[in-house]
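Peer 1: For the record, the sequence lines run as chains A and B. The numbering of the first sequence is this note's numbering, which starts it at 1 and goes up by one. The numbering of the second sequence is this note's numbering, which starts it at 1001 and goes up by one.
Note that these hints are calculated values from the structure, not bench results. There's no promise every hint is true.
In silico DMTMM-like links for lysine to aspartate or glutamate, alpha-carbon gap of 20 Å or less [as the list claims (entries may be wrong)]:
(1) B:1042 <-> A:56
(2) A:78 <-> A:56
(3) B:1042 <-> A:1
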Amino acid sequence: EPEVTQTPSHQVTQMGQEVILRCVPISNHLYFYWYRQILGQKVEFLVSFYNNEISEKSEIFDDQFSVERPDGSNFTLKIRSTKLEDSAMYFCASSEAVRTSGTDTQYFGPGTRLTVL
Amino acid sequence: AQSVTQLDSHVSVSEGTPVLLRCNYSSSYSPSLFWYVQHPNKGLQLLLKYTSAATLVKGINGFEAEFKKSETSFHLTKPSAHMSDAAEYFCVVSVRGGATNKLIFGTGTLLAVQP
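Assemble the whole structure, with the sequences as input and the hints as a guide.
Peer 2: This is the structure we're talking about:
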């Protein structure tokens, strides 16, 4: 069964460093998402991406964050200058289609645990 | 604004007994609701989704949920718990934004299954 993959599974970085989290969505999916889960808190939406542009972003997704689909298979999240509070589990998700009813299913990857020291 | 509230942060059941995880939603229109499960150190897996075709929704691993508009609830149930059901469960509502739908997660319910 096709699945979303994410690399690395765990990333440790120093505060102020740039990190790139990578995701390979399911191959025929057109819609891509990043969510994050700070330890002990709920999963939060960061950004959605379609047709090579951001569709929607949350207040969390400030100028330090960017997303890109550099080729036909990868979808990346870049954090330019990491802060301690960026430490979290980051999940990538993809969906085949978007329905106005909202019933399209988003499939999640296993996550990347980012630790900022 | 659309939101979901999970009424219990922790639920503990004995193996073989029924499971009930409670979720209430708030929505100004007919919502799209989901339950996801997260096993330790694993990603988020879809259990089931409400598509408005039927109020009783069956999912994987024997789970089901009933959409009750009058109670604004979407509780998750399973007749008989198994040790492998121990995990965190998230009630989720989908919200349309631009060309995409974003998911709003509840705070999660940690299910413990005792032998």
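Peer 1: With reference to the structure, classify each hint as holding or not holding.
Peer 2: Results for each hint:
1. B:1042 <-> A:56: 26 Å, violated
2. A:78 <-> A:56: 16 Å, holds
3. B:1042 <-> A:1: 17 Å, holds
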